[in-house]
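Asker: What follows is each chain in one-letter form.
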Amino acid sequence: MSRQDALVDADWAEQNLDAPNTVFVEVDEDTTAYDGGHIPGAVKLDWRTELQDPVRRDFVDKAGFEKLLSSKGIANDDTVILYGGNNNWFAAYAYWYFKLYGHQAVKLLDGGRKKWELDGRKLDTEIPQRSQTSYTAQEQDTSIRAFRDEVVNAIGSKNLVDVRSPDEFSGKLLAPAHLPQEQAQRGGHIPSALNVPWSKAANEDGTFKSDDELRKLYEAEGLDSSRPTIAYCRIGERSSHSWFALHELLGETDVKNYDGSWTEYGSLIGVPIETGDGKA
Amino acid sequence: MCSAPEQTAELPEGTDLSKESVLVGKVTADGSPVGGAYVRLLDRTGEFTAEVVASATGDYRFYAAPGTWTVRALSRSGNGQTEVAVGGPGLFTNEVRVA
Numbered sequence: 001m002s003r004q005d006a007l008v009d010a011d012w013a014e015q016n017l018d019a020p021n022t023v024f025v026e027v028d029e030d031t032t033a034y035d036g037g038h039i040p041g042a043v044k045l046d047w048r049t050e051l052q053d054p055v056r057r058d059f060v061d062k063a064g065f066e067k068l069l070s071s072k073g074i075a076n077d078d079t080v081i082l083y084g085g086n087n088n089w090f091a092a093y094a095y096w097y098f099k100l101y102g103h104q105a106v107k108l109l110d111g112g113r114k115k116w117e118l119d120g121r122k123l124d125t126e127i128p129q130r131s132q133t134s135y136t137a138q139e140q141d142t143s144i145r146a147f148r149d150e151v152v153n154a155i156g157s158k159n160l161v162d163v164r165s166p167d168e169f170s171g172k173l174l175a176p177a178h179l180p181q182e183q184a185q186r187g188g189h190i191p192s193a194l195n196v197p198w199s200k201a202a203n204e205d206g207t208f209k210s211d212d213e214l215r216k217l218y219e220a221e222g223l224d225s226s227r228p229t230i231a232y233c234r235i236g237e238r239s240s241h242s243w244f245a246l247h248e249l250l251g252e253t254d255v256k257n258y259d260g261s262w263t264e265y266g267s268l269i270g271v272p273i274e275t276g277d278g279k280a
Numbered sequence: 281m282c283s284a285p286e287q288t289a290e291l292p293e294g295t296d297l298s299k300e301s302v303l304v305g306k307v308t309a310d311g312s313p314v315g316g317a318y319v320r321l322l323d324r325t326g327e328f329t330a331e332v333v334a335s336a337t338g339d340y341r342f343y344a345a346p347g348t349w350t351v352r353a354l355s356r357s358g359n360g361q362t363e364v365a366v367g368g369p370g371l372f373t374n375e376v377r378v379a
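Residue numbers (our numbering), protein chains in the order written: chain A, 1 to 280; chain B, 281 to 379.
One or more of the hints may lead you astray.
Computed far set for chain A versus chain B, every beta-carbon distance over 12 Å [as the list claims (entries may be wrong)]:
| hint | residue |
| --- | --- |
| 1 | V8 |
| 2 | V55 |
| 3 | G64 |
| 4 | S70 |
| 5 | K72 |
| 6 | N87 |
| 7 | G102 |
| 8 | H103 |
| 9 | R130 |
| 10 | S165 |
| 11 | P191 |
| 12 | D205 |
| 13 | S210 |
| 14 | S225 |
| 15 | G266 |
Which chain A residues face chain B? A few, computed with CB under 8 Å, are given here [claimed, not checked]:
| hint | residue |
| --- | --- |
| 16 | G120 |
| 17 | D167 |
| 18 | S199 |
Because the hints were derived from the structure by calculation, they are not lab data.
Computed from a predicted model, the values in this text were never measured in an experiment.
Cβ atoms here follow ideal geometry from the backbone N, Cα and C, with glycine treated the same way.
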């Protein structure tokens, strides 16, 4: 994996809006932005109602993903270009999710919706009509997905990268500072985790930093490239962004996203939790 | 919920100003509100903490811990920033002018 396989810039996107076998997809948790104007021709994916199982706390299953992509008019041989708000958090999550179900031709629009808007590029309210496909997914590739027992066993042995803000890491806050603090679970972080906020991997306009800057960032924070890495945040979307930087841009080979993240870990009975800045 | 909630001048139901520090404000250009700006909350070292999209009337809101913060706005009308000191629980207001 490298930058040109995983990322497209806004100029490229603008020139390829009508390219054959190319589908633009806007992904958000709150899709009102899409409804108010989106990249011309883009279809929408709702992170909460379409990518999460409505009952169990998990993803939609393989059959559910096949049904979803078929209904969106996305075919197995289409190149999917993902973008969204929140600095591409949910688009990066969807990217990881598409890879998890074996869709290889997927790319992220660098800067997402923010850069597109700030550049003053065209937005459209027309809903594209795409004909139904019969999409076939693969079994989940769990080489990129970490589960809780693996995370507990990774304490002190693998790189654990907590990509939340320092106040969430230390236990002062349970959610990012722009959200109400309603969660009931304990605050803090997984012992031995490094705190490398996702935002350090991004520029102000939402684009990713250069490979050199990213490599220096993780090195300076103490990431040991010879060990496997597990990234986590609160619900797994910001850590998808950092997973993307590490696995897709820098080409680190063994990097997993722990989508259970702090909402799961901080609610488990009996697991160790550390508070403070972790730099004792 | 993890995406930015709708930004309104009125606080959401359940906000407890006897316990929380809430920072609210408006993005303006030449005295008029600027809607849809990207508003970033930076800590005292300039490090990113949170980001919201201002409402159509330029309003934004953060749940900030007490301390000194920079609020920085990016918009098609230009960028701008301002510093604000947030104290113990209560409501704190400021304004970011972009040009």
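Asker: All the hints need checking, so say for each whether the structure fits it.
Answerer: Each hint tested on the structure:
1. Here V8 (chain A) stays apart from chain B, with its beta-carbon at least about 21 Å from theirs, past the 12 Å limit.
2. Once the 12 Å rule is applied to beta carbons, V55 (chain A) is consistent with being away from chain B; the minimum gap is 19 Å.
3. The Cβ of G64 (chain A) lies farther than 12 Å from every Cβ of chain B, with a closest approach of about 22 Å, so its non-interface assignment holds.
4. Separation of S70 (chain A) from chain B is adequate, the least Cβ-Cβ distance of about 26 Å exceeding the 12 Å criterion.
5. Annotated as non-interface, K72 (chain A) keeps its C-beta farther than 12 Å from every C-beta of chain B; the closest such distance is 20 Å.
6. N87 (chain A), annotated as away from the interface, has a beta carbon of chain B within 12 Å; the closest lies near 7 Å.
7. Annotated as non-interface, G102 (chain A) keeps its C-beta farther than 12 Å from every C-beta of chain B; the closest such distance is 26 Å.
8. Every Cβ of chain B is farther than 12 Å from the Cβ of H103 (chain A); the closest lies at roughly 23 Å, confirming the non-interface assignment.
9. Every beta carbon of chain B lies more than 12 Å from that of R130 (chain A), the smallest distance being close to 25 Å; the non-interface claim holds.
10. At the 12 Å boundary, the C-beta of S165 (chain A) falls inside the reach of chain B, the nearest C-beta of that chain being 6 Å off.
11. Every CB of chain B lies more than 12 Å from the CB of P191 (chain A), the least distance being 23 Å, so the non-interface label holds.
12. In this structure D205 (chain A) is not separated from chain B by more than 12 Å, as the shortest Cβ-Cβ distance comes to only about 7 Å.
13. No Cβ of chain B approaches the Cβ of S210 (chain A) within 12 Å, the least distance being about 18 Å, so the stated non-interface status holds.
14. With 12 Å as the threshold on Cβ separation, the claim that S225 (chain A) sits away from chain B holds: the shortest Cβ distance comes to roughly 24 Å.
15. At roughly 15 Å from the closest C-beta of chain B, the C-beta of G266 (chain A) stays outside 12 Å, upholding its exclusion from the interface.
16. Given hint, G120 (chain A) at the interface with chain B, holds; its Cβ is 6 Å from that chain's nearest Cβ, closer than 8 Å.
17. The beta carbon of D167 (chain A) comes within 6 Å of a beta carbon in chain B, closer than 8 Å, and the hint placing it at the interface holds.
18. Residue-level restraint check for S199 (chain A) holds (minimum Cβ-Cβ distance to chain B is 4 Å; threshold 8 Å).
Hints 6, 10, 12, counting from the list given before, are not met by this structure.
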